[in-house]
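Heads up: the sequence lines are chains A and B, in that order. 1 is the number of the first residue of the first sequence in our numbering; add one for each residue after it. 1001 is the number of the first residue of the second sequence in our numbering; add one for each residue after it.
Rather than coming from a laboratory, the hints here were simulated on the basis of the structure. Here a beta-carbon is modelled for each residue, glycine too, at the ideal position from N, C-alpha and C. Check before you lean on any hint, since a few could be wrong.
[Unchecked claim] Across the chosen pairs, the derived CB separations fall in these ranges:
#1 K187/A x M1001/B: 44 to 52 Å
#2 Y189/A x G1122/B: 47 to 55 Å
#3 P152/A x L1205/B: 18 to 26 Å
#4 I1178/B x K163/A: 21 to 29 Å
#5 I1178/B x G122/A: 38 to 46 Å
#6 P152/A x G1122/B: 43 to 51 Å
#7 D56/A x T1095/B: 24 to 32 Å
#8 P152/A x S1196/B: 42 to 50 Å
#9 Q1159/B x P152/A: 26 to 34 Å
[Stated by the list, open to error] Derived list of chain B stretches under chain A, where covered just means 3 residues or more per stretch with a C-beta under 8 Å from a C-beta of chain A:
#10 1163-1171
#11 1190-1204
Protein chains: 2
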Amino acid sequence: MIKVAIYEDNDGLREALGTAIEAAKDISLVGSYGHCVTVLDNTQKDKPDVVIMDIDMPGKSGIEGVRDLKKHFPATEIIMNTVFDDDDRIYQAITAGATGYMLKRNGLQELIAGIHEVMKGGAPMSPTIARKVMKAAANGDKGTSQNLGLSPRELEIIQLLAKGNSYKMVAQDLNLSIDTIRSHIKKTYEKLHVHSVTEAIHKVLIEKRH
Amino acid sequence: MIKVAIYEDNDGLREALGTAIEAAKDISLVGSYGHCVTVLDNTQKDKPDVVIMDIDMPGKSGIEGVRDLKKHFPATEIIMNTVFDDDDRIYQAITAGATGYMLKRNGLQELIAGIHEVMKGGAPMSPTIARKVMKAAANGDKGTSQNLGLSPRELEIIQLLAKGNSYKMVAQDLNLSIDTIRSHIKKTYEKLHVHSVTEAIHKVLIEKRH
DNA sequence: TACAAAATCACATCATTATGTAGGTTAAAG
DNA sequence: CTTTAACCTACATAATGATGTGATTTTGTA
């Protein structure tokens, strides 16, 4: 019997999920919550094998919930269940420790299948997601070894910014248009999964020392 | 005979400076230029004892000129001659290696006096400037020893920013208003003589390691 | 106590950055 | 010879950061 707990702030959807899970012969619902603020206490009590976690919830995001959960109950498998498929959330969810990432639009049947899959050691995810993850993994693997996957130009620009230069100064230094600088930085952010110069600098400089 | 070279992009002013300097019995003009791009070559040729340098010049700023000059000809004395008296330029000029900093509005006589003064080991500067420099020195001395003069709070905030946090995140972290963060950062910038987070981070982290 | 420095908050305004969209060039890889 | 990756440019809008001004409170110390 697979024990499953649900975290989903939408009441209707949470109930639907619950009944669908109960309907499965080999799965039992041990907990169902509208937020994940008390996720640690709940898990202590419920002892679920698998947790279905929505990303966007009031109070505490699913990402944070996953992070906490994995830290204290590393054996618990987590499947993110969300409407979002943007790179960022996926990346965050994966690095936070989720083993599955399924889109709500793909329906309940797939989610049930995902629960079984995750118990067999798999990593269930919607096709759309799978592709993104593969790509990210490819970038990541290539990158971490050398310079996080940044092209020489991109790295050069980040390093200039790290010295305290503004976009304008970098543009002048490299004899490029400021729009070009923007463009490079934009791609850099995507590769590093960040949203500001300081984050990018932090990431690049941290990875550098070793 | 004191050998002097002039770098000043305003033609009229450069000529006026030249004649005023030639008029002085113990000073000879060995070079006069409208820019400082070729300052190293010129200096090699002219071998001036003192260089009068304007700050704002096309191609290469006087600050950069001073930096280069001091690196290759440390014995050459440099007097900045400019219309600006804002803290920043003064600070930059001083740290770049200028030994005198005189305002154009104070006239040619004072500049001539400054040339003599600098040759006697002095540091000629207009009264307005002198006061600012004293203040900067006071701040600087107190600071360089520990953490550049930053208060504990200010340092804390810069370090949080260095980790890639935004103002908003820092405010949440420290349970403060975002305006308070702004306020601290503003003071920090004044103390460090910078104008952006990245510059501040760079400066703080550089000074830290040693 | 009275002054100075640190810390807090607010509001306004301008500058810079971040993000989206879109297109072009060039050089290596298949 | 086409595909891919890196590089370059442009324009528009939204979000964040930078700067100025002003004010209150606390704390350490002259």
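The hints, checked one at a time:
1. For K187/A and M1001/B, the Cβ-Cβ distance of about 60 Å falls outside the hinted range of 44 to 52 Å, so the restraint is violated.
2. A hinted range of 47 to 55 Å for the beta carbons of Y189/A and G1122/B is consistent with their spacing of about 52 Å.
3. Distance hint check: the CB atoms of P152/A and L1205/B are about 24 Å apart, consistent with the given range 18 to 26 Å.
4. The hinted window of 21 to 29 Å between I1178/B and K163/A holds, with their beta carbons roughly 27 Å apart.
5. The given range of 38 to 46 Å is respected by I1178/B and G122/A, whose C-beta atoms sit roughly 44 Å from each other.
6. For the pair P152/A and G1122/B, the supplied restraint of 43 to 51 Å holds, since their beta-carbon distance comes to about 49 Å.
7. Distance hint check for D56/A and T1095/B: the Cβ-Cβ separation is about 50 Å, which falls outside the suggested range of 24 to 32 Å.
8. For P152/A and S1196/B, the Cβ-Cβ distance of about 25 Å falls outside the hinted range of 42 to 50 Å, so the restraint is violated.
9. The hint said 26 to 34 Å for the Cβ distance between Q1159/B and P152/A, and at roughly 30 Å that hint holds.
10. Counting residues of the region 1163-1171 of chain B whose CB lies closer than 8 Å to any CB of chain A gives 4, which reaches the minimum of 3, so the coverage claim holds.
11. Residue count for the region 1190-1204 of chain B with a Cβ under 8 Å from a Cβ of chain A: 9. That meets the three needed, and the coverage hint holds.
The structure fails hints 1, 7, 8 (numbered hints given earlier, in ascending order).
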